[in-house]
Every structure is written in C-alpha cells, then in structure tokens.
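**Q** The residues making up each chain are set out below.
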Amino acid sequence: QQKVQQSPESLSVPEGGMASLNCTSSDRNFQYFWWYRQHSGEGPKALMSIFSDGDKKEGRFTAHLNKASLHVSLHIRDSQPSDSALYFCAVIYNQGKLIFGQGTKLSIKP
Amino acid sequence: NSKVIQTPRYLVKGQGQKAKMRCIPEKGHPVVFWYQQNKNNEFKFLINFQNQEVLQQIDMTEKRFSAECPSNSPCSLEIQSSEAGDSALYLCASSLLGFAEQFFGPGTRLTVL
Numbered sequence: 001q002q003k004v005q006q007s008p009e010s011l012s013v014p015e016g017g018m019a020s021l022n023c024t025s026s027d028r029n030f031q032y033f034w035w036y037r038q039h040s041g042e043g044p045k046a047l048m049s050i051f052s053d054g055d056k057k058e059g060r061f062t063a064h065l066n067k068a069s070l071h072v073s074l075h076i077r078d079s080q081p082s083d084s085a086l087y088f089c090a091v092i093y094n095q096g097k098l099i100f101g102q103g104t105k106l107s108i109k110p
Numbered sequence: 001n002s003k004v005i006q007t008p009r010y011l012v013k014g015q016g017q018k019a020k021m022r023c024i025p026e027k028g029h030p031v032v033f034w035y036q037q038n039k040n041n042e043f044k045f046l047i048n049f050q051n052q053e054v055l056q057q058i059d060m061t062e063k064r065f066s067a068e069c070p071s072n073s074p075c076s077l078e079i080q081s082s083e084a085g086d087s088a089l090y091l092c093a094s095s096l097l098g099f100a101e102q103f104f105g106p107g108t109r110l111t112v113l
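As you go down the protein sequences, you meet chains B and F in turn.
Throughout the first sequence, residue numbering follows the working numbering, covering 1 to 110 in sequence.
Throughout the second sequence, residue numbering follows the working numbering, covering 1 to 113 in sequence.
No lab work stands behind these hints, which were simulated from the structure alone.
Note that CB positions come from ideal geometry on N, CA and C, so glycine has one too.
Mixed in with the good hints, there may be bad ones.
[What the hints assert, rightly or not] Examples of chain F residues lying across from chain B (beta carbon under 7 Å, computed):
1. ASN41
2. PHE43
3. ASN48
4. GLN56
5. PRO70
6. GLY98
7. PHE99
8. GLU101
9. PHE104
10. GLY105
11. GLY107
Using the sequences and the hints, build the whole thing.
**A** Here's what the structure looks like:
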C-alpha cells in the first residue's frame with residue numbers, strides 16, 4: 001500500500017526563522033510530490049509541486065527532492081505568523097488521487 | 001478565497017440518516033475529487049470524476065456512499081445510512097488535469113450523533 005510519511009509532527013519556529021519539513025514516499029512509482037497548507041477552518045491550498053531531482057524555489061518556499069531516497073523536504077525562510085498552519089505532503093502515484101501524509105503543525109512565534 | 005464552492009458548511013445527522021453534500025468545482029475544471037479528513041487530520045480519498053464519469057473509487061464509497069457529477073449541476077456526495085465513524089470534514093477538489101494542482105473547497109463538516 002502506498003504511504004506517505006511526514007516529520008516532524010509539530011514544529012515551532014521564531015518569526016523570521018527557517019522552518020524545515022520532511023516527507024518520504026513508500027513507493028518509488030510516484031508522479032509528483034505536492035505540498036499543501038491548511039489554515040484552520042479552510043480547505044488545503046497548494047504551495048508547490050516537484051517531480052525532478054534537486055531544488056525548486058517559489059518565493060520564500062524551497063522544495064528539495066531526492067528521488068533515490070524518495071524524500072522531499074520543504075524549507076520556509078523568513079517565517080511569518082501567517083505561516084502558522086498544518087502542512088501536508090501529498091503524492092500522486094496514478095490517476096490523480098492525492099495520498100496525504102499525516103501533516104506537520106507549524107507554529108511561528110512572534 | 002476558495003473558488004470551489006461546497007454546501008452546506010455544516011451538517012448534523014442522526015445515525016442511519018442520509019447525509020448529502022454538494023460541490024461546485026472551479027469553472028472549466030473537468031476533474032473532481034472527494035476526500036474525507038478525520039479529526040486526526042488524516043485524509044482518505046473517496047472518489048474522483050472526469051466530467052461525469054467515475055475514474056476511481058474506494059470500496060467504502062461503493063458500498064454506503066454514492067456520488068455523481070451531472071453536467072450543468074453541482075456534484076454531490078451522499079451517505080446512505082450515516083454512522084458515527086462518518087463524522088469528518090468532507091473536502092471537494094477540482095483540477096484541470098489528473099496530476100495538476102487540486103483546488104479545494106472549504107469542506108462540509110459532518111457530525112453524526
């Protein structure tokens with residue numbers, strides 16, 4: 001069964017600091033890794049996707065994929081209080097359905 | 001702001017009752033997904049459609065859940081006989097392509113008493 005593992009479960013970072021989240025796929029037959037963010041009372045919103053080895057940067061967010069280890073990380077620089085949310089890694093293996101990790105609760109302390 | 005519209009936002013049902021929720025996908029998106037997010041924030045894929053056709057669904061969906069995406073009408077997800085374990089946030093998402101970004105609605109929070 002395809003599974004997505006995230007770590008840590010929760011993370012506290014001071015405002016202006018760097019937050020680093022991790023995600024691993026159990027199956028190497030993936031198409032895309034996605035990072036989603038969910039604020040309380042809202043649906044998830046996509047931050048970025050990655051499918052090639054290496055780094056992908058979008059604003060303050062950088063994703064890094066290592067296909068050999070099936071591992072992707074998300075780094076948020078200059079963290080803001082509005083970044084406090086649940087962060088989910090989700091993998092598309094086939095037919096488009098997302099398999100989500102269990103999430104990381106990120107808290108940014110002013 | 002979510003462009004995927006879900007109604008109602010909150011739904012309370014007794015055990016054994018039917019529960020129906022609706023979703024209007026983002027305009028021009030032919031692919032629609034339904035997910036269940038439980039109180040532990042775990043997601044479960046339920047079913048997806050391309051236009052009006054079912055692409056994939058899990059066993060649970062086949063047995064107690066029914067869903068459709070008729071043309072020119074909202075998509076819907078209905079639980080025939082609600083159980084306490086069905087209490088969750090039901091999220092609808094739409095996308096242009098199967099592997100493209102999925103845009104989520106705010107969800108329908110179902111509570112089964």
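**Q** Hint by hint, note whether the structure agrees.
**A** Okay, the hints, checked on the actual structure:
A cut of 7 Å between beta carbons decides the hint on ASN41 of chain F: the least distance to chain B is about 5 Å, and the hint holds. Residue-level restraint check for PHE43 of chain F holds (minimum Cβ-Cβ distance to chain B is 4 Å; threshold 7 Å). Given the 7 Å rule on beta carbons, the hint for ASN48 of chain F holds: about 6 Å separates it from the nearest Cβ of chain B. For GLN56 of chain F, the suggested interface contact is upheld, since its CB lies about 5 Å from the closest CB of chain B, less than 7 Å.
Of the supplied interface hints, the one on PRO70 of chain F is violated, with its beta-carbon coming no nearer than about 20 Å to a beta-carbon of chain B, more than 7 Å. The restraint placing GLY98 of chain F at the interface with chain B holds, with a minimum CB-CB distance near 3 Å, inside the 7 Å limit. With 7 Å as the threshold, the beta carbon of PHE99 of chain F comes within range of chain B, its nearest partner Cβ sitting at about 5 Å, so the hint holds. Taken as an interface hint, GLU101 of chain F checks out: its beta carbon lies about 5 Å from the nearest beta carbon of chain B, inside 7 Å.
At its closest, the beta carbon of PHE104 of chain F sits 3 Å from a beta carbon of chain B; the interface hint therefore holds under the 7 Å criterion. Because the closest C-beta pair between GLY105 of chain F and chain B is about 5 Å apart, less than 7 Å, the hint holds. Nearest Cβ of chain B to the Cβ of GLY107 of chain F: about 5 Å, under the 7 Å cut. The hint holds.
The structure does not agree with numbered hint 5 stated previously, though it agrees with all others.
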